[in-house]
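K.L.:
For the protein sequence lines, the chains are A and B, in the order given.
According to our numbering, the first sequence holds residues 1 to 192 in order.
According to our numbering, the second sequence holds residues 1 to 1104 in order.
Think of the hints as simulated: they come from the structure by calculation, not from any bench.
Every value quoted in this text rests on a predicted model; they were computed, and no experiment measured them.
Ideal Cβ positions, reconstructed from N, Cα and C, are used throughout, including at glycine.
Each hint should be verified, as a subset may be incorrect.
[Said to hold, decoys possible] Using C-beta positions, here's what the derived DEER-type ranges look like:
hint, chain 1, residue 1, chain 2, residue 2, range
1, B, Asn-314, A, Ser-69, 24 to 32 angstroms
2, B, Thr-433, A, Ser-69, 23 to 31 angstroms
3, B, Gly-940, A, Ser-69, 54 to 62 angstroms
4, B, Gln-46, A, Ser-69, 33 to 41 angstroms
[Claimed, not checked] Which chain B residues stay away from chain A? Per the calculated CB distances, all over 12 angstroms, these:
hint, residue
5, Asn-75
6, Thr-98
7, Gly-183
8, His-228
9, Val-281
10, Pro-315
11, Arg-721
12, Asn-777
13, Thr-897
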Amino acid sequence: MRRCAIGLAATAALLLTTLSPSPAEAAPLLVVVSASGPAIAGPTTALGDFDLHMAFNAGVTVQSVTFGSELNLGVIGNSFQLADAGTPGVLRALEISFVSPATLVALQADTFTLISVLFETGALTPAAAFASLQLQQAVLGDAIGNPLEARRLLTVSADGLTPVPEPATALLLGTAIASWIARSRRRRERDR
Amino acid sequence: MTTRRRLAAALLLSGLVWLAGPELALAQATPEPAPVPARQHIFYGQTPPAPVDGPVILFVHGINGVASDWWQAPNDMYAMAYNAGYRTAFVSLSENNTRNNEGIIANSAVVSSAIRSVLGHYRSTHLFIVAHSKGAIDTQAAVLDPATALLVRGVFSLGAPHQGTELADWAFGPGQAQAAPLGLLSPAVNALRTANMKVFRELADQVSFARGVPFFTLSGRSFGTPPHPLTNTTGPVLSALTGGQPNDGVAIVPRTKLPTSYATDFGAVPVNHFALAAGSVSFPLINAQIRAITGNGDFVRIATKGLAVDGRGNPMSGDRQNSFPWSMVWWKGKVYVGTGRAFACMTVATNDVALGQNNYPGTDPDVECTPDPKDLPLAAEIWRFTPETYIWERVYQSPVDVPIEFDSLGVPTRFTARDIAFRGMAVFKENGTGVERLYVGGISASSLFDQLPGYTGPGAKRFPAPRMLFTANGTSWKAVPQKPGTFLGDIGIQTERVNKRGFRSFVTMRDDNGVNRLFVTLSDLRGVGRMLVSSDPSKGNNAWRQASPSADDLPIFTLAVYRNEIYATVGDQNYPGGYAIFKTDARTPDPFAPGRYLFTPVIEGDGMQFLRPRGAISMQEFLGRLYIGTDRPSELIRINPDGSWDLVVGPPRMTASGFKWPLSGVLGKGFNSLFNGHFYSMAVHNGELYLGTWDWSQAMMYSPLDALFKSSYGFDLFKSRDGEHFSVIDRNGFGDPYNASVRNLLSTPMGLFVGITNAQFGLEVRRNVTSLDLDRNGGIDQRDVALVVAATNVVVVPGTFDARDLDGDGLITANDARKMATQCSRPNCALVPTTRVPSVTNLSATTETVGGPRVRLAWSPVVGAARYEIYRADTLSLDAVIPPSTPIPLPDGTTVTFQQIKDGVLTALCQDTTSLGDLCAYLDAFLSGTTLSKSFHWLGSSPTPGFLDVAPPPAGPSLYHVAVQDAFGRISEPSNAVSAPSDAGSPALGALGDRILDLRASVGAAETAALGRRVTQIAEAVAAWRLHEAEAAITGLDQALSAHVSTAARDTARIADARTVVAAVRHIVRLGVEDRLPRAAVTAAIVGTTGVDTTAVAGPQAPQ
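Put together the whole structure using the sequences plus the hints.
P.N.:
In structure tokens:
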């Protein structure tokens, strides 16, 4: 499966212009929103909840939403999940983990999928369909529900689109993690 | 997209959608109890789904019984107990599990052993026993042993022939021939012969009273209902033997009762002896009484033993010498607790130094003091708790670096702690940077050690001053600078008569210019002091100054912010007029002391009751008013926005602004308990005002009065939705007699925290998370998480409490939902069955005088109520229950008898309140006329919202409350409590007080006040039933009024009107003197109560 990943600010548009979609490919597109880094910074910084509002072209419809397994550790009933595409052009996906903070911290992976969304673009080309794809709102909480900044945690990848080169992906992710670590260290020093 | 399509899309798309699943049924089939293999005669019921840690009941059968009697059809006792949430166990008194007919001694050993087995099985510290017939006697014999008694919180006796039975006499006498085929000639029945039980009673009653295990007796009075082969035969025999007395086929009703000194009678029901053990007959009232004792378990222990053990039983690094949670704040999602160390030892040692005595280590055997007070482990600690992880951390511990001994060269050789307690805390937003910091006030050890060599005489060193700490992150702490020669550097120098030992009360206020200030009191060890202020507190030195007058003139105790002003409670041992309330706008300078603020009185001279309460202790704004709880004798008042004030709880009395009548209807000081020495702490949480007390009854534990006062031990906790009607949450320190007080109540988004003092075994912290139970079903589960999710993006109205905003940031988000999920009652937020039942909120009482005082209770119906349970906390007259020869322990170790006190042996001594103030107040509690409120007991039930109590206790007004019991045996929180007889009405003295106030314009304020004092004297005398004294006071008042007739002619009509009321009062009192009107009616008519507790009340001296 082809895939691209883009570092994403909480309200930044997905930079699909860097892609080169083929006009012929009007098939369903899989967009994967993933998190990275939360487990790095300490005892309470696993991801405990998210509430994403994703906006896109109103002509695009959502076929399905699949939640990842790192907030519920793969057990149905271990989290509260909500996916709502009732408003045209907006998808809200929310998951609240029921797992204890200690367990989340111990078992959660460093990088994982939050949601996978299958979009039907209909007659639109992918470029047109996702020209306005953006996260309107992204609330993320750590293992105990304290806010995490989405900027450092979210990546979005889209299947069915022409990928950006893989090294760029790695570089972006690496940069994000390095920045996270540096900031954490600075913060710890100040606290002494 | 249509609404329907949107909904369908939303449902389709959700990977796992919240489903409003059916409520888990509680009334599921109850699995049969099973024995633990090792002990074949003890059977355990299934543990109910909710609550997981319900109370434990051990069921004990009667004559010829076996454990399965409790669950085999038609008995539904086990099923009902299971459905109501109890953990159950059933013992067969024959260890081979056959029917038992043994005597008392043999069976009591089995009961005693079973109690321990059951507690071990359920890992519980105590249980209740429900015992049928002779099983209750076997049980009573078992709990005569003090060690066993400690394990049992109550015994329910169903039809036990405690006084023996004529049937047994007959069986072993003239009826032997008929009794043999009935199986009555057994050791068990032999034990029940009246002569045998008389011998048992002589021993058991005296010891049981001392053990303090409450017994509750229920009797049957209809041997043929339903027909039973044995009672059908024995009932008529017993009737014939007793002249037709009602009986259950085994004993007549009076022979199933126990002395009221330790037992409460639940009356008699029209069933036979065996039907009494049926759940449908007796379980609802057993359930009602147990819930009255245990409460509903909403306040969950999260730390105990001085932070040596957490709420889950895990060890922590605290110890029992963390006696007091002396300060608590909520900051950045955590609770911070400052401790006071070795409180009891430190207090005795301090008093020794102050009074030149040598009482250390004191007489309390439960306190652990070092042999030498210099070795006391006094280093105070700061802890914090993270609710989401349940993790406690000790974030600061005082250094032990203050030298208290020196060698010949002056080199220190022995040290004590720099801070012996952290008594005040506040979060302060720094001006300029806007950074929030936590400030903590310490107490120095100066009261113990500043008189030691090295700190006195020529060349003496200066004992280190008390200090303040601050932190920006909760883990790194700095001391506020105190350079000698600056203000804070010199605060240890005693310049006023009231000492400066440490900091106590912390508040912050922002002025009109946006400048934040931190206000603190610098006090002596008792807590009396003066107010300091700073807008840049971390600078220390001269960035602080004293902002109130000398504590010798204005002794300040507690600070609060109300309507943009600082309110201060004022009072001390000799402060005139009792406690007072002053305020300052923290702006206007004192014209006589530049640099200090002008303090103006809000209440002054009206805090005086019979003896002086030294001060007011706690303040809390609620529904726009400032509530103030006082020192002993404890009353609750409130200040209104217009500056007027109301009495809320406490004795009615005349004041400069009229005759005050308690709005709660509760007239007894200390909420009808003489032991409530402080209304100590208050908080508003989730729209309700909570009030916790300091209860000094535990001081009686090792006195001859122990048994009498056992039911009072432990603090009281109350709450109110409207600030006028209060409900009783607990009166016994959550079941721990050493839990003497609620020092801090702290409302947080993550629940209400309760900081409990325990000077003997270490402080305790509890938490109530019912505010998080959004659907009010009795537990936190995924429904509550869903309710937070449903509210995401809701903005909380500033200044209001929204239980869904768990991080308190003013906006409800998914993060709040996650915080909720960390608080679920069960793993993975599994659904919790409904256990919570709506409660009655508007109980009212009226007194009916026809046929003697009777109390009629009324309330609004509650949906789902199967029946209403009515409870009463009886009022006792100490005169009636304390034998005159009882020695009363004095704080100095000597004793006087109760009679000597009543004879006035201490009256002369107590003229000098300066030196003996506390001693006298302490003893005064035992003077004639003082009443005591006992624990709530089940009084009756009603299927409809109404109840008539035809026999209220004659000693004085009792407290009543009502709870709802539903069809599953679930019982609600209690309603508001009412005091009755005479909860309502307009007493004659109220009318008289109003008329006297009307005279103010003509006779002047001073004379009005003098007349008012006479009214108070009348109230006190009538309430204490000193009627001749009342008559004298009435005569004096009448003469004083008549004296004004000639000098104030224009008010002749008003004075005549007042004298008319005086005449009415005199007439009523006369009827009382002549015994033509009962005490209840007289006092109801005059002061509105049957025995206002007007003598002052005080416990041992203690820092607050």
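K.L.:
Hint by hint, note whether the structure agrees.
P.N.:
Checked hints:
| no. | hint | result |
| --- | --- | --- |
| 1 | B:Asn-314 <-> A:Ser-69: 24 to 32 angstroms | holds, 31 angstroms |
| 2 | B:Thr-433 <-> A:Ser-69: 23 to 31 angstroms | violated, 44 angstroms |
| 3 | B:Gly-940 <-> A:Ser-69: 54 to 62 angstroms | holds, 57 angstroms |
| 4 | B:Gln-46 <-> A:Ser-69: 33 to 41 angstroms | holds, 35 angstroms |
| 5 | Asn-75 | holds, 39 angstroms |
| 6 | Thr-98 | holds, 48 angstroms |
| 7 | Gly-183 | holds, 57 angstroms |
| 8 | His-228 | holds, 51 angstroms |
| 9 | Val-281 | holds, 42 angstroms |
| 10 | Pro-315 | holds, 18 angstroms |
| 11 | Arg-721 | holds, 29 angstroms |
| 12 | Asn-777 | holds, 17 angstroms |
| 13 | Thr-897 | holds, 60 angstroms |
Taken one by one, the earlier hints fail for this structure only at number 2.
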